[in-house]
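Assemble the whole structure, with the sequences as input and the hints as a guide.
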Amino acid sequence: MVWLPVVFPLAGAALVLSVRRRRAWLGPVVVASLLGSLGTAALAAASGARSSWSWGAGIDLGVEVAGVSRVMVVLVPLVAVVVVSFAASSMREDEALPRLLALLAGFVAAMELLVVAADFLTLLIGWELVGAASWALIGHDWRNAQAPMFAKEAFVTTRFGDLGLYVAAGATFASVGSFQFADLAAGPNDRWLAIVAGGVVVAAAAKSAQLPFSPWLFSAMAGPTPVSALLHSATMVAAGGYALIRLELILSAVSWFGPLVVGLGLSTALAGGVVAFAQSDLKRALAGSTSAQYGLMLVAIGAGFTAAGMAQLTAHAFFKALLFLGAGVALHGGGTLDLAKLRLGSSLPTVALLFGVGAAGLAAVPPLGAAFTKEAVLAAAFESGVWVGSGVAVAGLLSVLYAARLHILAYGRGPVLEIEVGPHPVEVWALAILAAFTLALSALWLPGGKELVSELTGAELPEGQSWELAVSVLSVVVGFVVVWLLWRRNLLLSGGLPSRIRGFLANWWGIPDLTRRAVVDPLINVSNRLAEGDGSVIDALVRAIAGSVVGVSQRLRHLVEILVDRVVDGVGSGTILTARGSQKFDDGTVDATVEAIGAGIRFGGDQSRRSQTGMAHHYYTLLVGGSVVLFIVAAIWR
Amino acid sequence: MTLEAVLLVSAALFGIGVYGALSQQSFVMIMMGLELMLNGAIVAAVGFWWGTTGGNPEGQLLAIVVMAVMAIEGAIGFALVTNVYRVRKADITEKLRKLRG
Amino acid sequence: MNALASVVFVALVLLVATYLVAVIDATIMIRVSRGRGYTGVWMDPIARAARLMMQRGSRTERPDLQVWFLAPALLAGLGAVALASIPVAAAVHVADNGAGIVLFGAAMLQVMVAVFLHGWAANSVFPMLGAFRMAAAGMSMSIPFSLALITTALPAESLSVGAIIVSQEGLWNVVRQPLGLPVYLITALAFSFWGPMQLPDAADLAGGTTAEISGVALLVWRVARIGVLVALSAMGAAAFLGGYLGPVLPGWLWMMVKTAGLATVMVWSGHHFARMRIESVVFLGWTLLLPIALVDVFLSGALTL
Amino acid sequence: MSGVIDLLFWAFGASAVVTGWLVFRTDSMVRAAYWLMASFVAVGGILVLLDAQFLGLILILMMAGEMTIMAIFMVMFMMNPAGLNPMTMVHQHRASIISGAGAFIVLALVALFANFLAEPVPTGAEPTVDLGVELLGGSMLVFETAGVALLAVMIGAVALVSQQGRFGDAEAGSLEPSLETEGP
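One line per chain: the protein sequences are A, B, C and D, in this order. Each residue of the first sequence is one higher than the last, beginning at 38 in the numbering used here. Each residue of the second sequence is one higher than the last, beginning at 19 in the numbering used here. Each residue of the third sequence is one higher than the last, beginning at 5 in the numbering used here. Each residue of the fourth sequence is one higher than the last, beginning at 123 in the numbering used here.
Simulated from the structure, these hints should not be mistaken for laboratory data. Since this is a predicted model, take the numbers as computed values, not measurements. For each residue, glycine too, the CB sits at the ideal point set by N, CA and C.
Far from chain B by the CB rule (all over 12 Å, computed), these chain A residues: (1) Ala182; (2) Gly459; (3) Gly485; (4) Glu497; (5) Leu511; (6) Gly584; (7) Gln591.
Distance windows between CB atoms, simulated: (8) A:Arg196 / D:Arg216: 45 to 51 Å; (9) D:Asn237 / A:Asp227: 35 to 41 Å; (10) A:Thr387 / D:Thr267: 53 to 59 Å; (11) A:Ala222 / D:Leu272: 37 to 43 Å; (12) B:Arg106 / A:Arg180: 29 to 35 Å; (13) A:Thr387 / C:Leu292: 53 to 59 Å.
Structure, rendered in structure tokens:
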């Protein structure tokens, strides 16, 4: 039962590839498989179930639908159905549509596996598959030479974080002798648990595009728009936040876990908000906002209110998918993603309205559900401290700023353009459904909404204060006023910032450059050096030593000669004999000594260089000799 | 037939393999030396299984893993030799001394 | 059975069977060509053998003599080893304990080595080409061959040939695994280099690996080749046709009848099909027989479960 | 009976070692490959004597194919069509002999002087059946891992030797500027 949500999309992917020639079937097949996944996920969530499969001695792959995973397991296919329908319609001209759809279905399957995982091994498998699928999806347009490069960049960055999860899994096994979350929860709170916490935080930060890994989301923009929509809303990026929510109860036992997550989240929320505000590319601005929004979730999680984080994740999934699909329509219609050239409001009024709903969700305008969840996050932040709360309030203000800016620049009133490719009705419907979900979440404000969230996520929401609500409303109002003022002065695109600063901010505060200079270039340099042959490094060292010694000795000789000459001159010609004697001594002894030292060192260097023959059999011989010696030593030592 | 005798045969095979791997110039002959070493390893593994484990099949499993290693060594070895020959026109180790210091 | 008796037994069986196959070959040859100069079907093999025995042996420049002379003997020995793993009647076998079918497979793959060495040792062009042909054909056919054979071990849950025969009590494997026997027979042609797959010793290479030999060496080589064919037919009969199982007649007679039947099919194919090109053999092995053999394994495995 | 087995063991052991030695003493690559195969066949015989019938026979089966490929490769790389012309290609001979002898002596000392458990395979056991159950039961993960590793190797080997890549000739840009790689 629990496996079915995973199996359905996988089967769909296989089926799509087998009917690849019948293009009319592709969309329906995938959507049907995702609907199957959705249905079975809903059933599993309603009943709650667990199951496991023994892989080998002591290694069980466990899956479970309980607690927060009940929400997530339904959310993933729900968003995916809409996004994939949109993809099947908008990419219908694409020659590689079967591959795209199959990969999307596989992506969803991997994410479902990650969601239902009840142990680190299953989580790792899902985690890796999600990463691999996202790599293939970002690089979908591989004939364009840039796409594979960006895909590689995104993959390597997240992959670096993945190592954290490997460490966490290893530490878990070392600590309790199994990979199960349940065993870890029952296990002792020692340094192993701290290692697990560190690993999970690194992995989650990388996947959820938190600082300092955030820039990979920009690279991910090389993928088709539906891919971005899925990646940002309910799969790849959500995986990090979800993993933290899932494991918070266990890991919060580590004293620094909460503060670390809060700090990461808050700094990303603030930095990402500025990035989103400064960006002039629609998709990249949305990417910045994704980092910022996940930062807010992390704040809630770190403060201990997973329910608030999960609620925010859910609301975000709907409106972010909506916004990305809207961006896709804009790209098709306007032919560009440059915010300076869009303003499609008059040309595509329906889409503009739907995009507006999404932007309102992003801005957390009451009475939308997104405002409710933002409110919960704010309350959670204030529970954790006044400064954190204030930071979140500022981040909220930023979100109002960038959301309003995006909507006005992308879908504000503008000249009526000849739209080359209008959106297909299926695409508009997809947008409408997502907008409907966003609006429907408003019901959370009704009495009983809080209880519903608590019941679904199995955790408590923080008690909000009425002045916190006032702060939120005030920030929305202030934000709109600021945007309006900027718009009046025609400064909205630049945000009133000088272009150099704006460029710096928009490019993630220069983090990519920093990374390139601090990590990538040195690494490539070192590798190049190594590739040139370790000999050159060692040689250089040896030669430098020999050379410097020779140099020093020559200097010394020169000095001695001058000194001796002066003495000789000073004493006068009467002592020429003595002087000659001393010069002979100088030549014969001092020089010889100094030169001998130099030559000796050079000889040593040459000799040591000779061992670097570059030929395998010499190295192997040394290896055998060394092993024999080691063996004998070990035998005697015993 | 005692365990010691089996291990002696294994040691002899391994020693000859070491000699071959170190003394031959041709890549393919070096691979033969490696195979001979693995051959000795198989004898030792099965010998230990036969003499010391009381019939625990995991000992035989080890031998199967060694055989898999042998197949892997063969496949990758030949692929590398082919590639090196194509790119560097080298078929003996002396022609491949890029790492020389 | 004690050692000496089993050696004598296998040798006797091999000798009689070889003679019979040669007779079959001659019969078909006559049917096909109505050729002149035959001294009658039953006398012809003996006449041919006598002619070869009286021939003078030939020699090339600097051959590897030991290998050249020993390769035919190795081939004959491999045929005998393969035959030894097959029970001729209930519980009458020489070497079928535990993993008989693997022994048979190992012997058959060594056939490839024997033929390669036979062609290589002559230090001459045509035999060498024949040797390379055998390597190519053998490598492409060995995997479908092994898969088709090992599949018959699935219902028996044992690698012993005797157990495989017993497992066919109710239903022969030829019915239970309909893909197995055709794949086995086609690959068996490659390992006995017979009929359409007589590539290493083909006429277009002036006899291939046998191009430079004559006299007794050629006689031994031909006898050994028929011996391998007999072993392959016997294994086909045992693994797919129920071996010695059958009503009324005694077990060993059933075994003989079935073996002779399969041998006739293979010999017949040599007179009725054109020789294949080596490319088509390789292509056939890797792209057609290998997938079919895999399907066979999966289907039979599913059925056995 | 045990006398016969002892005799067979020593015969197999001696021939395994001698043929192994001949691999590096012969002057022809094809002979070397098949001497190695003979060594493997002898080891297969030893394994059969050690009650591991399946392993021994499968080793013989495997090596027939592998050594044939090796022989063909030798002929290809040595530019010596039949591999029959005599040749010696040896370097650092003395060091190799010392290394080989050293490895043998160390291992032989271990074999003779270490104390091993004495728990032989019980009589009446069915090692082949046990192995099958183990492969598809308790140690399935190991077995599968070996299979996946082999698959990866097959793909890797094909990728390494394929002449044509997706973006054109696999050798494009990989040729050295000059074949002389003499350093300073």
